[in-house]
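With the hints as constraints, model all of the structure from the sequences given.
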Amino acid sequence: MANMSLKKVPIPEQDPKVRSKNFDEVALGYTEEMAVEEAKRCLNCKHKPCVSGCPVNVQIPEFISLIADGRFEEAYEKIIETNSLPAVCGRVCPQETQCEEKCVRGIKGEPVGIGRLERFAADWAMSNTKRTYKKVSKNGKKVAIVGSGPAGLSCAGDLIKMGYDVTIFEAFHLAGGVLVYGIPEFRLPKSLVQKEIETLLEQGVEIKTNMVIGKVLTIDEIFEEGYSAVFIGSGAGLPSFMHIPGENLNGVYSANEFLTRINLMKAYKEDAETPVMRGRSVAVIGGGNVAMDAARCALRLGADNVYIVYRRSEAEMPARLEEIHHAKEEGIIFKLLTNPTKILGDDKGWVKGMECVEMELGEPDASGRRRPIAKSGSEHVVDVDTVIIAIGTSPNPLIRSTTPDLATNKWGCIIADEQTGRTSKEGVFAGGDAVTGSATVILAMGAGKKAAKAIDEYIKSKN
Amino acid sequence: MYRIVRKEILNPQVKLLEIEAPYVARKAEPGQFIILRVNKEGERVPFTIADFDREKGTVTIIFQEVGATTQLLGQLNEGDEVEDFCGPLGVASHFEGVKKAAVIGGGLGTAIAYPQAKKLHSMGVSVDAITGFRNKDLIILEKEMAAVSDRLIITTDDGSNGTKGFVSDILKKLLVEGANYDVVIAIGPPIMMKVVCDVTRPYGIKTIVSLNPIMVDGTGMCGGCRVTVGGQIKFACVDGPDFDGHEVDFTELMRRLSMYKDSEKASVERHKCRLEGVVNG
Numbered sequence: 001m002a003n004m005s006l007k008k009v010p011i012p013e014q015d016p017k018v019r020s021k022n023f024d025e026v027a028l029g030y031t032e033e034m035a036v037e038e039a040k041r042c043l044n045c046k047h048k049p050c051v052s053g054c055p056v057n058v059q060i061p062e063f064i065s066l067i068a069d070g071r072f073e074e075a076y077e078k079i080i081e082t083n084s085l086p087a088v089c090g091r092v093c094p095q096e097t098q099c100e101e102k103c104v105r106g107i108k109g110e111p112v113g114i115g116r117l118e119r120f121a122a123d124w125a126m127s128n129t130k131r132t133y134k135k136v137s138k139n140g141k142k143v144a145i146v147g148s149g150p151a152g153l154s155c156a157g158d159l160i161k162m163g164y165d166v167t168i169f170e171a172f173h174l175a176g177g178v179l180v181y182g183i184p185e186f187r188l189p190k191s192l193v194q195k196e197i198e199t200l201l202e203q204g205v206e207i208k209t210n211m212v213i214g215k216v217l218t219i220d221e222i223f224e225e226g227y228s229a230v231f232i233g234s235g236a237g238l239p240s241f242m243h244i245p246g247e248n249l250n251g252v253y254s255a256n257e258f259l260t261r262i263n264l265m266k267a268y269k270e271d272a273e274t275p276v277m278r279g280r281s282v283a284v285i286g287g288g289n290v291a292m293d294a295a296r297c298a299l300r301l302g303a304d305n306v307y308i309v310y311r312r313s314e315a316e317m318p319a320r321l322e323e324i325h326h327a328k329e330e331g332i333i334f335k336l337l338t339n340p341t342k343i344l345g346d347d348k349g350w351v352k353g354m355e356c357v358e359m360e361l362g363e364p365d366a367s368g369r370r371r372p373i374a375k376s377g378s379e380h381v382v383d384v385d386t387v388i389i390a391i392g393t394s395p396n397p398l399i400r401s402t403t404p405d406l407a408t409n410k411w412g413c414i415i416a417d418e419q420t421g422r423t424s425k426e427g428v429f430a431g432g433d434a435v436t437g438s439a440t441v442i443l444a445m446g447a448g449k450k451a452a453k454a455i456d457e458y459i460k461s462k463n
Numbered sequence: 001m002y003r004i005v006r007k008e009i010l011n012p013q014v015k016l017l018e019i020e021a022p023y024v025a026r027k028a029e030p031g032q033f034i035i036l037r038v039n040k041e042g043e044r045v046p047f048t049i050a051d052f053d054r055e056k057g058t059v060t061i062i063f064q065e066v067g068a069t070t071q072l073l074g075q076l077n078e079g080d081e082v083e084d085f086c087g088p089l090g091v092a093s094h095f096e097g098v099k100k101a102a103v104i105g106g107g108l109g110t111a112i113a114y115p116q117a118k119k120l121h122s123m124g125v126s127v128d129a130i131t132g133f134r135n136k137d138l139i140i141l142e143k144e145m146a147a148v149s150d151r152l153i154i155t156t157d158d159g160s161n162g163t164k165g166f167v168s169d170i171l172k173k174l175l176v177e178g179a180n181y182d183v184v185i186a187i188g189p190p191i192m193m194k195v196v197c198d199v200t201r202p203y204g205i206k207t208i209v210s211l212n213p214i215m216v217d218g219t220g221m222c223g224g225c226r227v228t229v230g231g232q233i234k235f236a237c238v239d240g241p242d243f244d245g246h247e248v249d250f251t252e253l254m255r256r257l258s259m260y261k262d263s264e265k266a267s268v269e270r271h272k273c274r275l276e277g278v279v280n281g
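Top line first, the protein sequences correspond to chains A and B.
What the first sequence shows, in the numbering used here, is residues 1 to 463, in sequence order.
What the second sequence shows, in the numbering used here, is residues 1 to 281, in sequence order.
Simulated from the structure, these hints should not be mistaken for lab results.
Do not take every clue at face value.
[What the hints assert, rightly or not] Here are the computed lysine-lysine pairs in the DSBU-like style, where the Cα-Cα straight-line distance is at most 35 Å:
id	chain 1	residue 1	chain 2	residue 2
1	B	K40	A	K190
2	B	K40	B	K234
3	B	K206	A	K348
4	B	K27	A	K410
5	A	K190	A	K352
6	B	K27	A	K161
7	A	K425	A	K375
8	A	K335	B	K261
9	A	K269	B	K206
10	B	K234	A	K348
11	B	K164	A	K348
[Said to hold, decoys possible] Label-pair ranges, simulated between beta-carbon atoms:
id	chain 1	residue 1	chain 2	residue 2	range
12	B	D80	A	T209	17 to 23 Å
13	B	R54	A	T209	20 to 26 Å
14	B	E177	A	E379	54 to 60 Å
15	A	P404	B	S258	21 to 27 Å
Every residue gets a Cβ at the ideal spot worked out from N, C-alpha and C, and that includes glycine.
See the structure below:
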């Protein structure tokens, strides 16, 4: 009997007042009963519109009906047929613009909570089952993957199942890419990321940390080590700055630096070796998910005021609705239609304020969003001691500058075929933010998956 | 894990560790650096490469015990391992066309100036080395520097080794006496590099400095190491660490280096407590 409620079964969350002071996970996840109840909202449509919205083609109605039947382990098995990181995707995918956007239940009422159910199945399996893996016969071919973020991990997950020897080269001391350095603990617990990575290690994926490709080895040298193909999933790690006066004052961070100190280096813990500034009044510039993450981290570090300073209006904000909603609940102050022009310093060179102008929206620009225009005479100073710049990132030049035959575009993104990840260099495939510029975890995973298939075909075609 | 194969105590505060890291050793060049973590909880700390041996697969770092991490590192012995050792990072130094060079090391900076002098010397460049220390007990790498330079002048702030003054004073004297260099390489505390640049500026001698700002990843990802060079923002980790000293905003560099002074102090205290706890317990 289908559950015809127009609303999703609510997911328990930490109270905003409590959670704004800790780094524990915000959403607590469904209980078995809640999951079954929500799963019963799925109509099991024959044409499966939801699946077409998923970059990795999770068999959504199938896994949901298994949950409705209480067959949780089988539900998990169904998901991981196509998705190697379900606990991650269930938490950070923008379902509202993907699977859930296509859900028939969403026409009248809320769509089925596909993300919440995916998360439930993954969490249930992690705490209730011991994974065993089908023995795969090895084909003796080696594939190298550069970067252990979502693109690299999903590519590795598929290739290892096909019988390849897979080695991931990671620049940091810890695998996970943006999942460990970027997305905060309260949205994506790091222990969970490590568990997802462990399942890859258990299947035989090798991860070599501290390997900065482009420096310690070039792409050509990787081939010299006997690899048949290389997948580049090195992400978009180069932070953009605003190029306004005062950006080098003490107390100005890129969001990358601020988040890396907190997430990867655990600077939020009292006894951490890596320090981070705990500002009293913090401005985060930008309107994406990274800006929300940085703002919510600053709040949790004890700031009295945290501002999101964004030059357009809320409608144009690229952040997920849920993140904006959570940030507001926690007390983040949104200064919309506001653009910084100058960061002000005291006589010792520390941030003491930020000069801004008010903006109004004009005609749509190339991105289709209305162009913000400064209002004359609207200059004002915001009282802050820390500024975090979260206006975007672009791909790191280390690989392209040492691989002359790898074609890139004017933004430094690797040019790769959308369906296969094939690049201008033979045997080299690429996907994720290194190709698209900063996008989502799931798009990167989808690209890693497509590339795995294309790499398999490429290597087979060579023999 | 990366094993320590050799440890030397160069002076009461300065230690040398030769560490097994074959991949890094294969690519390392003078001017580049590595980032290491002592243990799983450790911070990422950059060290400029002091030497490397491609055949043995080792990389040498020389450091002064100033913060929590360097103190921890200083307690390790031959056979012990460090958790992470990542590199080589940064751009290697370029010396094309140089015939005569002055290589200047201030204190610990001598450890970083040494591989540069060694490289220049091996290229047949005439090298005047000037190294400076607070007093004679702190002198390091005397023999090594002598072996890779045509002339080595060691000076001390207090004159306890017989030559008194700062490295910049010695350089100035040499220039006044008519010494002629294609390039001056100055490595040491920011203030020393700044003063050396002030000395060479009127002579129009190209002066290369090696900067050591605070950084996290060392690959261009955090931007914490940004420095202003010729009015432009540069990342020391990927655009440097070598820069044209006459273009560097040293005041900003020194200010940014002080960003975590308070938490660094607290961290050293915490470690001291732990160590004493071990000794007493």
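Results for each hint:
The suggested pairing of K40(B) with K190(A) holds, with an alpha-carbon distance near 15 Å, which does not exceed 35 Å. Pair hint K40(B) plus K234(B) holds up; C-alpha atoms about 30 Å apart against a cutoff of 35 Å. The straight-line distance between the Cα atoms of K206(B) and K348(A) is roughly 31 Å, inside the 35 Å bound, and the hint therefore holds. Taking the CA atoms of K27(B) and K410(A), the gap is about 29 Å. The hint holds against a cut of 35 Å.
At most 35 Å may separate the alpha-carbon atoms for a hinted pair to count; K190(A) and K352(A) meet this at roughly 34 Å. Distance hint between K27(B) and K161(A) is fulfilled; the C-alpha atoms sit about 34 Å from each other, no more than 35 Å. Distance check on the hinted pair: K425(A) and K375(A) sit about 48 Å apart at the alpha-carbon level, beyond 35 Å; violated. Between K335(A) and K261(B), the direct Cα distance comes to roughly 32 Å. Compliance with the 35 Å bound is thereby established for this hinted pair.
Between K269(A) and K206(B), the direct Cα distance comes to roughly 45 Å. Violation of the 35 Å bound is thereby established for this hinted pair. Straight-line distance between C-alpha atoms of K234(B) and K348(A) comes to about 22 Å, which keeps the hinted pair within the 35 Å bound. For the given pair, K164(B) sits about 33 Å from K348(A) by alpha-carbon distance, which is consistent with the 35 Å threshold. Distance hint for D80(B) and T209(A): a CB-CB separation of about 19 Å, consistent with the stated range 17 to 23 Å.
Here the CB-CB span from R54(B) to T209(A) is close to 22 Å, well matched to the stated 20 to 26 Å. The supplied range of 54 to 60 Å is met by E177(B) and E379(A), whose beta-carbon atoms lie about 56 Å from each other. As the Cβ distance of P404(A) to S258(B) is approximately 41 Å, the hint placing it in 21 to 27 Å is violated.
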